[in-house]
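Undergrad: Start from chain A and add chain B according to the hints.
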Amino acid sequence: MEDRSILELREMAQEYKYDFKDPYLYKEVFDKGLNEEKVIKISKIKGEPEWMTEFRVNAYRIFISKPMPTWGNTELLNKINFDDIHYYVCPEDDHKTSWDDVPEYIKKTFDRLGIPEAERKFLAGVTAQYESEVVYHSIREDLAKQGVIFTDMDSGLREYPEIVRKYFGTVVPPEDNKFAALNSAVWSGGSFVYVPKGVKVSIPLQAYFRINAKNMGQFERTLIIADEGSEVTYIEGCTAPVYSSQSLHSAVVEIIALPNSKVQYITIQNWSKDVYNLVTKRAVAYENAKVGWIDANIGSLLTMKYPSIYLLGSGARGEIISVAFAKTGQHQDAGSKIILAAPNTSATVTSKSISIGSGRASYRGLVKVYKEAKNAKVNVQCDALLLDPESRTDTYPVIEVHQPNAAITHEATVSKISEQQLYYLMSRGLTAEEAKTLIVHGFIESFIKELPMEYAVEMNRLIALEMEGSVG
Amino acid sequence: MLKIVNLKAKVKSLDKPILNGVDLEVKSGEIHCIMGRNGSGKSTLGHVIMGNPDYEIEEGEIYFNGQLINELPTNERAVAGIYLAFQNPIEIPGVTLANFFRYTTKKFYPENIPYPQIRKKIIELLGKFGIPEDTMRRYLNEGFSGGERKRIEAMQVLVYKPKLAILDEIDSGLDIDGLKQVVRYINEYVEQNPESSIIFITHYSRLLQYLNPNKVHVMIGGRIVMSGDMSLAKEIDEKGYSWLEGNVVS
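Heads up: the sequence lines are chains A and B, in that order. So that you can map any letter, position 193 of the first sequence is 195 in this note's numbering, and since no number is skipped, the others follow by simple counting. So that you can map any letter, position 165 of the second sequence is 1514 in this note's numbering, and since no number is skipped, the others follow by simple counting.
Extracted from the complex, chain A is given alone in its bound form (with noise of 0.2 Å):
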């Protein structure tokens, strides 16, 4: 039965008429829209187990059942034709295991996506995601001897199925919201991530995600087990060519932190501005475990983001800081949600937003306090420059308290770029873009501090090359 399906699949693959941007054959290339049958395949031609086969259907249902929100952006939320959406397409080269056996055409996309030498060094541990399927991937060899498994969540699935099966969609379930229901139908590719028990991961582990066609959907699935007193940091670092159609990506990240154990994700997004780009991020830490999100939003059309982080064991910290850029026509909606669940357990969160020209940013945040979080502490600040005059901010905090003895905080701020800092600028020399660039560059320092030396010059680079032609 399972061979020929496949065969079908095979078949309709080649009737297909290519119209990619790319001169590239994928190997399976589905209709676009979907449905519980389209499900099913996607999971047979994966050679998946059967749990995950159901897991998918009953995901599917969910998806169906459950409505639009009706919050954040419902206008352009309402804009998504999800029968004009590609769910699953696998480019035709199979894993690699080295560098040089990778495509000639992948390595081009990576010199555009400009990343640079010095970063190279670390690309022996790199999940790349071309399409909806890895075809890079290689574990340094250090890794690989302490016990560090760092593949695709396919392989992961295939190899490590037990891991996989204890807490897949344990921290984020299919029924959270309609998109992690989406891809938790659909999903394809992303990371899976175990560090065993006292192993500290000294270089970061990172993965390059692109979306290459017309109406391409991504649907990465992330999953990190960082096991009782490891440490590990985790770099997503996106970036997308600009078609004039929509797309969507909606990535689930779970992350696990087991007792005394360090997790940090980082992400620079940088989709292109007719992206869809809403992601469903979660961690549970337990005790004295501590977790960081760091998060760049950049580029997308509509960004909806909040990663969350639940303190479930006494002593465990989180911490997140986020920087959100919204350009004209774009609407960045982005937050956290920090929710404190036992003794003595803490969290900061530090949230800057940049609006320019008609861009829209926004900041949703939930901080919730069991009763049980004795001791808790949480401090909030949201930060927020405009540049322009019809440039828009707001914030939405939400704040429900259980415990009294916790201490909250919660600041926010809204500054305006005046005339006068930008005339005092001017008059030693730089024009009102470098101007506005110094004082945004100023603004974000204390998000810079926390990347890698090379992001943080990639994100340098990236912001002034944002800022070019901001000024009208």
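Since the hints were made in silico from the structure, they are not lab data. Check the hints yourself; a few may be wrong.
Claimed, not checked - As a list, the in silico BS3-like pairs of lysine-lysine whose alpha-carbon atoms are at most 27 Å apart:
#	chain 1	residue 1	chain 2	residue 2
1	A	Lys180	A	Lys147
2	B	Lys1510	B	Lys1470
3	A	Lys180	A	Lys34
4	B	Lys1583	B	Lys1376
5	B	Lys1456	A	Lys418
6	B	Lys1357	B	Lys1376
7	A	Lys275	A	Lys418
8	A	Lys451	B	Lys1469
9	A	Lys451	A	Lys264
10	A	Lys81	A	Lys275
11	A	Lys373	A	Lys339
12	A	Lys418	B	Lys1455
13	A	Lys147	A	Lys81
14	B	Lys1529	B	Lys1469
15	B	Lys1469	A	Lys418
16	B	Lys1564	B	Lys1588
17	B	Lys1376	B	Lys1529
18	A	Lys418	B	Lys1376
19	A	Lys81	A	Lys34
20	B	Lys1361	A	Lys451
21	B	Lys1455	A	Lys451
Said to hold, decoys possible - Anything over 10 Å on all C-beta distances counts as not near chain B; from chain A, calculated:
#	residue
22	Lys40
23	Lys46
24	Pro51
25	Asn75
26	Val201
27	Arg319
28	Asn381
29	Ala409
30	Leu432
31	Ala434
32	Leu453
33	Leu467
34	Glu468
35	Glu470
Nothing here was measured: the structure is a model prediction, and the numbers come from that model. All C-beta atoms, glycine included, are put in the ideal place defined by N, C-alpha and C.
TA: Positioned in the frame of chain A, the structure of chain B alone reads:
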């Protein structure tokens, strides 16, 4: 170097005329002092020369090295060699002094000079003006004392080496020792850069005793009503401004 002809300017937002026909010529290598009471328009003159967007030129011309600069953007005036030390430097939270200098010096130093070399020089100059090195990590003018602001504004003359430096009320906020020190370095700058010119704007004559200006001007009601040499400053020191007010033709 600088030639101003019948300059009339107003505050844009208030539609209020401030400069009512200023004529001024500063030749290369000269030191000028512009004196006047608060509200006489002397600070406005400095800002209009620099191109402050708060003001609008209604009439007249500003020439710098023979070029009409009425419409020139502020940054191009700066790069052309005009520097204004602000009476009230603007606070820019988030921008450290180090980042400020890293960006601005690019406009005044050749590309082949590596930044660490420039940075070293800036730290030296800060030290010379009595500003500790760790100030580089502080945000531009935020929480700086009046004295610190003035020292850093004056010190930037030595960083950017302008052809024309306008020092607006550099004496206010500085104690006598601080003032002497600042003026000494500015005088040294002029000695070492004999082509450069300086305009001091002040309403106190105490500054003048440390200077040897080529010309002293008095501004009243948005015009230069009298020009002379040091003896004019001495007369103002003795008699104040009121004896001049009768001379103003409205």
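Undergrad: So, for every hint listed, does it hold in this structure?
TA: Now the hints, each set against the structure:
1. A:Lys180 with A:Lys147: 40 Å, violated
2. B:Lys1510 with B:Lys1470: 13 Å, holds
3. A:Lys180 with A:Lys34: 19 Å, holds
4. B:Lys1583 with B:Lys1376: 23 Å, holds
5. B:Lys1456 with A:Lys418: Distance of about 25 Å is within 27 Å: holds.
6. B:Lys1357 with B:Lys1376: 22 Å, holds
7. A:Lys275 with A:Lys418: 24 Å, holds
8. A:Lys451 with B:Lys1469: This hinted pair holds, its Cα atoms lying about 23 Å apart.
9. A:Lys451 with A:Lys264: 19 Å, holds
10. A:Lys81 with A:Lys275: 15 Å, holds
11. A:Lys373 with A:Lys339: 17 Å, holds
12. A:Lys418 with B:Lys1455: Since the Cα atoms of A:Lys418 and B:Lys1455 sit roughly 26 Å apart, the hinted pair holds (cutoff 27 Å).
13. A:Lys147 with A:Lys81: At roughly 49 Å apart (the allowed maximum being 27 Å), A:Lys81 and A:Lys147 break the hint.
14. B:Lys1529 with B:Lys1469: The hint holds at about 25 Å.
15. B:Lys1469 with A:Lys418: 33 Å, violated
16. B:Lys1564 with B:Lys1588: It holds: about 19 Å lies between the C-alpha atoms, which stays within 27 Å.
17. B:Lys1376 with B:Lys1529: Satisfied, since the Cα-Cα distance of roughly 25 Å is no more than 27 Å.
18. A:Lys418 with B:Lys1376: Outside the cut-off at roughly 40 Å; violated.
19. A:Lys81 with A:Lys34: 16 Å, holds
20. B:Lys1361 with A:Lys451: 41 Å, violated
21. B:Lys1455 with A:Lys451: 23 Å, holds
22. Lys40: Holds, because the least Cβ-Cβ distance between A:Lys40 and chain B comes to about 50 Å, which exceeds 10 Å.
23. Lys46: Consistent with the label, A:Lys46 stays out of reach of chain B, its closest Cβ about 54 Å off (over 10 Å).
24. Pro51: Consistent with the label, A:Pro51 stays out of reach of chain B, its closest Cβ about 52 Å off (over 10 Å).
25. Asn75: Label holds. Min Cβ-Cβ 28 Å, cutoff 10 Å.
26. Val201: The claim holds: A:Val201 sits with its nearest Cβ about 37 Å from chain B, beyond 10 Å.
27. Arg319: 26 Å, holds
28. Asn381: Holds: least Cβ distance 19 Å, greater than 10 Å.
29. Ala409: The claim holds: A:Ala409 sits with its nearest Cβ about 26 Å from chain B, beyond 10 Å.
30. Leu432: 6 Å, violated
31. Ala434: 8 Å, violated
32. Leu453: 17 Å, holds
33. Leu467: 16 Å, holds
34. Glu468: 17 Å, holds
35. Glu470: With a cut-off of 10 Å, A:Glu470 remains clear of chain B, as the shortest Cβ separation is near 16 Å.
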